[in-house]
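Q: So the sequences go chain by chain: D and R.
All letters in the first sequence, in the order written, are residues 1 to 261 by this note's numbering.
All letters in the second sequence, in the order written, are residues 262 to 754 by this note's numbering.
Bear in mind the hints are in silico, worked out from the structure with no lab data behind them.
Glycine included, every Cβ here is placed at the ideal spot set by N, Cα and C.
Careful, some of the hints might be misleading.
[As the list claims (entries may be wrong)] Derived DSSO-like pairs (lysine-lysine); straight-line CA-CA distance at most 27 Å:
1) R:LYS665 <-> D:LYS84
2) R:LYS372 <-> R:LYS512
3) R:LYS484 <-> R:LYS618
4) R:LYS515 <-> R:LYS327
5) D:LYS172 <-> D:LYS198
6) R:LYS650 <-> D:LYS84
7) R:LYS372 <-> R:LYS618
8) R:LYS650 <-> D:LYS172
9) D:LYS36 <-> D:LYS198
10) R:LYS327 <-> R:LYS512
11) R:LYS692 <-> R:LYS618
12) R:LYS372 <-> R:LYS424
13) R:LYS665 <-> D:LYS136
14) R:LYS495 <-> R:LYS370
15) R:LYS618 <-> D:LYS172
[Claimed, not checked] Here are the simulated distance ranges between beta carbons:
16) D:ASP76 <-> R:ALA740: 54 to 64 Å
17) D:ASP64 <-> R:GLY651: 20 to 30 Å
18) R:LEU646 <-> D:ARG256: 50 to 60 Å
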Amino acid sequence: MTEQNTEQQARIRVQGLEKSFGEHQVLRGIDFESRKGTSTVLLGPSGSGKTTVLRSLNVLETPDRGVIGIDDVEIDFSRLPAGKAGRRESNRLRAQSGMVFQAHNLFPHRTVLENLIEGPVIAQGRPRDEVVAEAKTLLDQVGLGDRADAYPFQLSGGQQQRVGIARALALKPRVVLFDEPTSALDPELVGEVLAVIKDLAADGWTMVIVTHEIRFAEQVADQVLFLDGGVIVEQGPSSQVIGDPREERTRRFLKRILDPG
Amino acid sequence: MRHTLRGVVLLLLLAILVPAAQASAAPAQEGEQPVVRVGTEGTYPPFSFHDPGSQELTGYDIEVIKAIADEAGWRLEFVETQWDAIFPALDAERIDVIANQVSVNDERKAKYGLSETYTYSHGVVVRRTGDDSIKTLADLEGKTTAQSATSNWAQVARDAGAKVESVEGFAQAAALLAQGRVDAIVNDNIAVLDYLASTGSTDVEIAGDAGAEISEQVLAFRKTDTALIEQANKAITALRADGTLRGISEKYFKADVSVAEGGTADLSEGRGARSTWEVIGSTAWPMFIGLVKVTIPLTALSFAIGLVLALLVALARISSYRVLSGLARAFISIIRGTPLLLQLFIVFYGLPQIGLKFPPFTAALIAFSLNVAGYAAEVIRSAILAVPKGQFEAAATIGLDYRKTLRRIVLPQATRTAVPPLSNTLLSLLKDTSLGSVVLLTELFRESQLAAAESNEFLALYAFAGLYYWVICVGLSAAQKRLETRLDRYVAT
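Next comes chain R alone, as it looks inside the complex (with noise of 0.2 Å):
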């Protein structure tokens, strides 16, 4: 054992460091071409979605960002996350732009470097269909929208007096509207026509224009990287000039958005509408990638490098030194008295302002286990603690020490005390690591987000999903009915 434990901290070192080695060297110059993390939503049609036939990557911003890399030399790598997660990612140095309809603004300008234009486009106002009391920007005093809490247009509603309400995406906000949950939605006319004809909804509809302003799109980078914001400038002229840019407008919206008077978009054709099985068929696949790729490894890496610390963590708490003890309780306290997901942000977004930064999978990998061991380490404490006294003392008649005893005979009478409740973590754990999809893992439930968000099929998709979900949830249960039986087999029954 005390072998296989040397073993678990080595792995767990190794999972920690090398990443992190990696991480740090990837924006670094790799020969001519340095390699550029593009942030984007993937979930916003028609800028950034993924193709329901091929389930890549593409749309107006994604064929425009690489246009902008061929004539700039980059190579290109797409980080797919929330809007409300892309600035953050931003500044936290995960990604180097952001192509994703960014609207200029003054806050954005101070903050952020931002490119020429490459879209040019205005705001409309959305309603429930037919709902007369909402016709204008000027209506909106009062009323309720969905929007993403952190995009331009939330801020358009919020000065036109509208309360907010915060949604990943414009397909949930289209949703939540035809719900009659909120009162209507201020975006893009672009994507609203998008939505409109790609689903053929006569639920919502335009109901007018969100002030006159033209918005003007761009690329965002930081600040501080004013190369690549001169190479993209030097880029977009150039495919402005060559025509690129208006070529791949017209294949969109059949208007050209890249100039400011370039016609209307016109997407009454749509996407082509799919049956909600042909949707599932075709997204099946990418969702047990995700489960086989990233829910499973990192559910059983966190259970186990959760429980080796709960373990320790436990048996601090029962030590008879104040201040190891004093240790493992705040921190038992502090794991169980804050939200996972908080803990999850932390690690993602926070610990990278003091220098500590981690790839998407090991963050996940470092909060879920922490958070195990918080919980797993109460659970081991009272299984060692209900284990007879008289054992500890007969341990010690025969001559075992400290650590024999446990091993030997505490921890083996422990374990089968601790293995329901334990059971209860693993399945927990498997079903949270679906907040990875907020640190750009993509896993099981992110690959339905991903979608949902292109066909607005949420009640299949999601049903789908907790499908997966809960048949593992089945496999590991028998598992543990197993394993109880055998722990069970030195007691009377």
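Chain D on its own, in the form it takes in the complex (with noise of 0.2 Å):
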């Protein structure tokens, strides 16, 4: 990851994020900041809004109003211009971050490599052999240097989630994004990916986890965001919001997900 002189400045910064779908506003004013190397995991029942944010960050969704700043790259979208100017920015802010999907979203008629040297070569127009010997590190990363040639349908569930991972690192983003990695993985295959996530968190990635995996939460987060009817209800590290949740909706909702009989 390059260095950029922004040491005092935090690598995410959001600030009074508002959306609405239609005549239901989905965020109320989000705001938040993490730094550099930290990972940030936003918890909150469903329709609390925190995937929303979490495509936000992507532009996958577009903010009604609010700015989003990753490193140097800093969006107000209340003053995003229309047409081609607004989707030029809008591409400079998705390319600071990565993106790791519930469902995967591999494409199915591509290798894995072929996955992971897409959007470096293709998109970002870098030299392809440099490219393929990164994927192939990355693989190793993720224990799956020895699929490179398979398709997505000859893998596992896990294998597959993994590949999701190392495609959006094969991007080199300044953030990576998760959207609830596990949830559509069977038990048994959730332990492989979230050890991948917390090897990460450990090299150093700044990262941003959508998830319902409190446990892993605790152990990954370096602070916590919970989230409900579209406004930040408590924030802090781990062992505050998880260990120590002052609000009373964050308590009830943690007793429901580990509690859940």
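Work from the hints to combine the two standalone chains into their complex.
A: This is the structure we're talking about:
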């Protein structure tokens, strides 16, 4: 990762984020920051807006108002120009992050290696040989060095998701975003994916993770945001938000998750 | 892919522009000998038909027009088409003269430039053998006859109070009468005698004369082509004077039909009947040529051009620009909401009226390509929409723009969904090219029609033509299967 002269500035800066789908306001003013090399976990009941926040960071959703900054790229969405100019700005912000989807969304007609190099070679225009070498290293890192030529359908769900992670890393993003990366997996496959994410945290990647895995969140998160009804209800270190929540809503949510009976 | 796209568009433009330019140059004077395009049926023995041995176009009218051309110094180019398309072809300047026993009537006198008479004949009423309810023209009141819809004989039948079933030529009319689907036919006595003699048919017989009137047959030109008419008349007069016309007539009819009282035509010898296998044997090769030279290239080119257009239309249809998607929707609706035959006629006969004239192959290519585009656009659109939204999102997050997303991620996956329905479109297209026979294209089906008119072997020849189509379709289906297997390689089965 390239060092920028942004030591004093947080790597991710979100201010006053608002978003409506039709009549329904999903985000009602979200503010938070993440420092370089930290993991931020978003928790909250379904419909709380946590996935919309994550997708906004990658501009898969375009917020109605508010500011998102990742490193030196910053967009004030209330002033985003329409048409081509707006798209160009959005693309610059999008290029700052890599996205890992719940359903992996690998390209089924491409091999594992081809999935990894598509973005760097075709979109970023980097030399193929160099990208292929990096991609192979990444595959080794997620434990799939021997499956480079397999098609996605030949892999297990956990392996597919690990390829999804490697594909996001191959873009060399400033930030890696995870949208419920284990929700679609069979329980026995969850562990291998979480292990990879923990490794990334240890390696110093800056990550934002939406998950329902509370124990995992406790271990990996430097910062936990608890969302409900489109606002951040409680935020702080995991030991506080998960270990000793102050807010009633947080407590009820954690109880439901940890003790579903 | 961008390069292939550009190449195909270029090809399309070339295919349309080059022949069009040639076509507009063709009628121009070439040296001293003007090229005169002759419209004729090729399926109306003994006047205009294909010699069963040599496959050459021949007959009384053909020999007469050739003699006239020698006399007048024309170079001839024959265009064969069914009767009901002959006058439209003359109007659309696809031919310059009709040599096909055009009978004189007031309407034609008013609209066209008619030559001197070169055949005198009279009409007869033909009935199923032994059907005593029909003896004269008057008995046709309330009956059904089979005629070429726009022929003079159809008018005679209508005037007698008969209902007219439209057919493509005399052989077809005779078949309908023999099968009991119509009650009678009114036609030229010579054509009827030829049919009876050459087929040996005892199913139908001449009931009597269709009125006392003598009918006169002439060449028909456009009224404005006065120079050609004058040259033709001069030639006919000369050929009558030197006995050439009498010679041709006696060769075919053992009588001189080129003058009013030249005796009774006698065709009792016939043209020599052949066995079904001989007919098929001599037609198989011309049909194969029609298949290879017209049917297959027309199918392949129309499909290729149609697919490119279909992709553009499909993208326009899903675009968020209202105008674009509205236009695409309208195009699809029109193509799918009107008959293919009508689209073909609009391109071939309609567009020349606003100055857009294409040769037959190009006209068919345009019509078929647009038709494929209309149908395939919907197939491609739904195949694109069937690609999961997550694929578009994943492509976006790795930085691909819209075009690259389509080209590299979406279309390869949509292809898998689209191949089976598109194969259907291709098979339909192959068979639909038989409609080309009505816009002067001598393709596979037209060849079988020509042979059937001469030999009356409808069942055998149409079945044989069907065999050709079927074999090609089987081949295409096998290719589809292989392609599907290839595209399925990245899917769990």
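Q: Each of the hints needs a verdict: does it hold here or not?
A: A quick look at each hint next to the structure:
no. : hint                              : verdict
1   : R:LYS665 <-> D:LYS84              : holds (17 Å)
2   : R:LYS372 <-> R:LYS512             : violated (33 Å)
3   : R:LYS484 <-> R:LYS618             : holds (20 Å)
4   : R:LYS515 <-> R:LYS327             : holds (20 Å)
5   : D:LYS172 <-> D:LYS198             : holds (18 Å)
6   : R:LYS650 <-> D:LYS84              : holds (22 Å)
7   : R:LYS372 <-> R:LYS618             : holds (22 Å)
8   : R:LYS650 <-> D:LYS172             : holds (24 Å)
9   : D:LYS36 <-> D:LYS198              : holds (16 Å)
10  : R:LYS327 <-> R:LYS512             : holds (15 Å)
11  : R:LYS692 <-> R:LYS618             : holds (25 Å)
12  : R:LYS372 <-> R:LYS424             : holds (26 Å)
13  : R:LYS665 <-> D:LYS136             : holds (24 Å)
14  : R:LYS495 <-> R:LYS370             : holds (19 Å)
15  : R:LYS618 <-> D:LYS172             : violated (59 Å)
16  : D:ASP76 <-> R:ALA740: 54 to 64 Å  : holds (56 Å)
17  : D:ASP64 <-> R:GLY651: 20 to 30 Å  : holds (24 Å)
18  : R:LEU646 <-> D:ARG256: 50 to 60 Å : violated (38 Å)
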